[in-house]
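**Q** First to last, the sequence lines map onto chains C and F. Those letters in the first sequence? Residues 1 to 113, per the working numbering, in order. Those letters in the second sequence? Residues 114 to 227, per the working numbering, in order.
The set of hints was computed from the structure by calculation and includes no laboratory data. Incorrect hints may have been included.
[To be verified] On the chain F side, residues computed to face chain C include the following (Cβ under 10 angstroms):
(1) Q119
(2) F158
(3) D175
(4) S178
(5) F182
(6) Y217
(7) F218
(8) P220
(9) G221
[As the list claims (entries may be wrong)] Each pair of labels, with its calculated beta carbon distance range:
(10) C:D58 to F:S120: 37 to 47 angstroms
(11) F:F182 to C:N21: 35 to 45 angstroms
(12) F:A193 to C:M55: 15 to 25 angstroms
(13) C:A95 to F:T118: 40 to 50 angstroms
[To be verified] Straight-line alpha carbon distances no greater than 16 angstroms define the calculated EDC-like cross-link-like pairs of lysine to aspartate or glutamate that follow:
(14) C:K68 to C:D54
(15) C:K70 to C:D16
(16) C:K70 to C:D26
(17) C:K100 to F:D198
(18) C:K100 to C:D3
(19) C:K100 to F:E167
None of the values given here were measured: they were computed from a predicted structure. Positions of the beta carbon are idealized from the N, C-alpha and C atoms, including for glycine.
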Amino acid sequence: GEDVEQSLFLSVREGDSSVINCTYTDSSSTYLYWYKQEPGAGLQLLTYIFSNMDMKQDQRLTVLLNKKDKHLSLRIADTQTGDSAIYFCAESIGAGNNRKLIWGLGTSLAVNP
Amino acid sequence: DAGVTQSPTHLIKTRGQQVTLRCSPKSGHDTVSWYQQALGQGPQFIFQYYEEEERQRGNFPDRFSGHQFPNYSSELNVNALLLGDSALYLCASSRGGLPAYEQYFGPGTRLTVT
Numbered sequence: 001g002e003d004v005e006q007s008l009f010l011s012v013r014e015g016d017s018s019v020i021n022c023t024y025t026d027s028s029s030t031y032l033y034w035y036k037q038e039p040g041a042g043l044q045l046l047t048y049i050f051s052n053m054d055m056k057q058d059q060r061l062t063v064l065l066n067k068k069d070k071h072l073s074l075r076i077a078d079t080q081t082g083d084s085a086i087y088f089c090a091e092s093i094g095a096g097n098n099r100k101l102i103w104g105l106g107t108s109l110a111v112n113p
Numbered sequence: 114d115a116g117v118t119q120s121p122t123h124l125i126k127t128r129g130q131q132v133t134l135r136c137s138p139k140s141g142h143d144t145v146s147w148y149q150q151a152l153g154q155g156p157q158f159i160f161q162y163y164e165e166e167e168r169q170r171g172n173f174p175d176r177f178s179g180h181q182f183p184n185y186s187s188e189l190n191v192n193a194l195l196l197g198d199s200a201l202y203l204c205a206s207s208r209g210g211l212p213a214y215e216q217y218f219g220p221g222t223r224l225t226v227t
């Protein structure tokens with residue numbers, strides 16, 4: 001089946017690291033993505049990882065992929081108040097004209113000063 | 114580059130009415146996808162347009178239809194509105210055939226059906 005699951009809420013203190021977790025069910029995923037959505041705004045692509053990679057680092061963001069367990073995580077180092085938002089995990093499945101994104105419900109990150 | 118733009122930003126309609134939402138893709142993009150995001154949910158894929166044709170469709174009824182113009186802009190039409198159609202409608206643009214990481218989202222249109 002096609003399902004992406006995330007915990008709904010995460011609260012951290014400013015300056016700490018945040019880790020947002022995601023599990024997916026479709027083993028044929030090609031790309032996995034993290035999107036950020038701030039209140040009243042559209043979706044911003046933060047980072048993505050190809051399914052044959054284990055890790056990707058981009059400045060304060062680190063993505064870890066455990067393909068065996070179908071587990072994806074996003075680590076935000078030195079979390080700031082501006083990081084408060086909803087973070088969506090999404091997987092790309094299918095190929096060609098049948099390619100589509102399956103989305104999680106989003107994790108609401110609250111950063112406390 | 115203005116990125117992906119959508120209009121209007123907010124809209125209030127009554128049950129049974131029809132609505133048209135508009136999207137202009139990012140410069141250089143020729144593919145437009147539409148998503149529905151209900152409150153507290155992730156985006157749900159409605160359909161995608163490429164070369165003025167619907168290329169892919171999600172699990173949405175025929176009340177949801179669309180169009181793409183020669184300049185790659187797109188419209189989403191919803192007929193016979195239901196209360197459950199209240200949501201944020203997101204448009205995303207990309208270049209045909211490329212993976213979704215090339216997809217850029219607009220700010221969305223907030224539709225409220227009363």
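**Q** Would you mind marking each hint as holding or not holding in the structure?
**A** Now the hints, each set against the structure:
1. For Q119 (chain F), the shortest C-beta to C-beta distance to chain C is roughly 8 angstroms, which falls under 10 angstroms, so the interface hint holds.
2. Hint status for F158 (chain F): holds, given a least beta-carbon distance of 6 angstroms to chain C, under 10 angstroms.
3. The beta carbon of D175 (chain F) is not positioned within 10 angstroms of any beta carbon in chain C (closest approach about 19 angstroms), and the interface hint is therefore violated.
4. Because the closest C-beta pair between S178 (chain F) and chain C is about 19 angstroms apart, greater than 10 angstroms, the hint is violated.
5. Here the hint on F182 (chain F) is broken, as its CB sits about 21 angstroms from the closest CB of chain C, past 10 angstroms.
6. For the restraint placing Y217 (chain F) at the interface with chain C, the shortest Cβ-Cβ distance is roughly 7 angstroms, inside the 10 angstroms limit, so the hint holds.
7. The beta carbon of F218 (chain F) is positioned within 10 angstroms of a beta carbon in chain C (closest approach about 4 angstroms), and the interface hint is therefore held.
8. Residue-level restraint check for P220 (chain F) holds (minimum Cβ-Cβ distance to chain C is 4 angstroms; threshold 10 angstroms).
9. Taken as an interface hint, G221 (chain F) checks out: its beta carbon lies about 5 angstroms from the nearest beta carbon of chain C, inside 10 angstroms.
10. In this structure the supplied range 37 to 47 angstroms is violated for D58 (chain C) paired with S120 (chain F), their Cβ-Cβ distance being about 33 angstroms.
11. Here the CB-CB span from F182 (chain F) to N21 (chain C) is close to 42 angstroms, well matched to the stated 35 to 45 angstroms.
12. Between A193 (chain F) and M55 (chain C) the CB atoms are about 49 angstroms apart, so this pair departs from the stated range of 15 to 25 angstroms.
13. In this structure the supplied range 40 to 50 angstroms is violated for A95 (chain C) paired with T118 (chain F), their Cβ-Cβ distance being about 30 angstroms.
14. As the CA atoms of K68 (chain C) and D54 (chain C) are separated by approximately 11 angstroms, the hinted pair is consistent with the 16 angstroms bound.
15. Among the hinted pairs, K70 (chain C) with D16 (chain C) is inconsistent with the structure: their alpha-carbon atoms are about 26 angstroms apart, more than 16 angstroms.
16. A threshold of 16 angstroms between alpha carbons decides the hint, and for K70 (chain C) with D26 (chain C) the separation of about 8 angstroms falls inside it, so the pair holds.
17. Of the supplied pair hints, the one linking K100 (chain C) and D198 (chain F) is violated, its CA atoms being roughly 22 angstroms apart against a limit of 16 angstroms.
18. Between the alpha carbons of K100 (chain C) and D3 (chain C) the distance comes to roughly 13 angstroms, so the proposed pair stays at or under 16 angstroms and holds.
19. Proposed proximity of K100 (chain C) and E167 (chain F) is supported: the alpha carbons are some 14 angstroms apart, at most 16 angstroms.
Figure legend: structure checked against the earlier numbered hints; hints not met, in rising order: 3, 4, 5, 10, 12, 13, 15 and 17.
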